[in-house]
Structures are given as structure tokens and as C-alpha cells.
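Visitor: Sequence:
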Amino acid sequence: MEWFTLSSIALAAALGLETASAQEAPAPDPAPTDAAAPAGPDWRVVSRATDRANLIDVNSLAPGADGVTLKAARVRTTSRAGDYSHTVNLFAVRCQANELHLVEESDIAADGTTADTYPADEPWLPVEPGSFDEGIKMIACEEGSLAGPGYPSIRAFIDAGRP
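Counting in this note's numbering, the final residue of the sequence shown is number 346, and the numbers go up one at a time with none missing.
Among the hints, erroneous ones may be present.
[Stated by the list, open to error] Pair ranges (Cβ atoms, derived):
no.: 1; residue 1: R259; residue 2: Y301; range: 14 to 24 angstroms
no.: 2; residue 1: A343; residue 2: L308; range: 18 to 28 angstroms
no.: 3; residue 1: A264; residue 2: L308; range: 19 to 29 angstroms
no.: 4; residue 1: S230; residue 2: P309; range: 11 to 21 angstroms
no.: 5; residue 1: E305; residue 2: Q279; range: 14 to 24 angstroms
no.: 6; residue 1: P312; residue 2: A222; range: 26 to 36 angstroms
no.: 7; residue 1: P306; residue 2: A343; range: 35 to 45 angstroms
no.: 8; residue 1: T270; residue 2: W307; range: 14 to 24 angstroms
Hints listed in this document are in silico derivations from the structure and should not be mistaken for laboratory results.
Being a predicted model, the structure only gives us computed values, none of them experimental.
Every residue, glycine too, gets a C-beta built ideally from N, C-alpha and C.
Could you build all of it, start to finish, from the sequences and the hints given here?
Guide: Okay, here's the thing in C-alpha cells:
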């Protein structure tokens, strides 16, 4: 029996396989992880004005060193069909401090391409009750959710008639 064990170990070594001795414990199963991150954007309307819709990508939430970031978009509702122009903002939110600031802004041209992206070095400001910023904070800090359909892109929202 001992010869078989030594031969098995020698064969495994020759094949480059790892062997476990009787004193080694098998590796533990990996720790369970949180659910997989949602795949792709999920843009949802958070508020409306007479001439625009404000959307948040609920799948863009990302914890960072200085708060939670997420993307929001402003889309004109009075533009002609096929006009994909809109603005996308990256916001950071400090949940406990009730503060928000704009990190980056991107202007999207009528053809749907990014026309310009620039940093927006704005100060942290308090979130005002009843404001668009409050809607952003509610989603970023998981204090609420958005009902209604989601769209995989702003283009899909526009193609759906900007509902």
C-alpha cells in the first residue's frame, strides 16, 4: 500500500499536479459574495419639469472614498424625434452629512455622441428638501426606489417617445 502512495505522489509530481498530505486541510470554500452587480445601465425617471425629464441610472451607484457616486441625466422632452442630445452628470453624495456635489458633466450631441466631458469642481452643498438633488440622495443612500420602467440607455428612453 505504501508503494502505491509513493508512486501516486511521484506520478502527480511528474505531471505537475499538487498533492495534499494528510496534515494539510483542503482549502475552504470561497466566502459567499454579495449578489452580482446589475448588468448595464437602468435609467429611470426621477422627476419631470415642463420641458425636461430627469433620469437616474440606478445601476451606476458606486461607493467611493468620499461618498456614493451615481449618474443622472437631463433630457429635453420638447426636442424632435431622433434628437439624442442630453446632459449626463456624475454626482457624489455624502449620505450621513446630507451633502451632494457635481463631479463631472458630459454634453451629448444630437447624434448621440459625447460632445464634451469636463470636471465640475463644485463644492459640497446641503441637499434641499423637495429638490432634484433630494431624489438623487434618496437613490444613492438607498432611502427609496424608483417605480416605472427602466431603459438600458438614454437613447432607448428617447426612442420610446420620452415617456
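Visitor: Confirm or reject the claim that T270 and W307 have a C-beta distance inside 14 to 24 angstroms.
Guide: holds (21 angstroms)
Visitor: Can you tell me whether the CB distance of A264 to L308 sits inside 19 to 29 angstroms?
Guide: violated (36 angstroms)
Visitor: Kindly confirm whether 35 to 45 angstroms is satisfied by the beta carbon distance between P306 and A343.
Guide: Holds, at about 36 angstroms.
Visitor: Okay, P312 versus A222 on CB: inside 26 to 36 angstroms?
Guide: holds (34 angstroms)
Visitor: Regarding S230 and P309, is the given constraint of 11 to 21 angstroms on their beta-carbon distance met?
Guide: holds (19 angstroms)
Visitor: Determine whether the Cβ-Cβ distance between A343 and L308 falls within the hinted range of 18 to 28 angstroms.
Guide: violated (33 angstroms)
Visitor: Okay, E305 versus Q279 on CB: inside 14 to 24 angstroms?
Guide: holds (20 angstroms)
Visitor: Taking the Cβ atom of R259 and the Cβ atom of Y301, is their distance within the range 14 to 24 angstroms?
Guide: holds (20 angstroms)
Hints 2, 3 from the list above are not met by this structure, while the remaining hints are.
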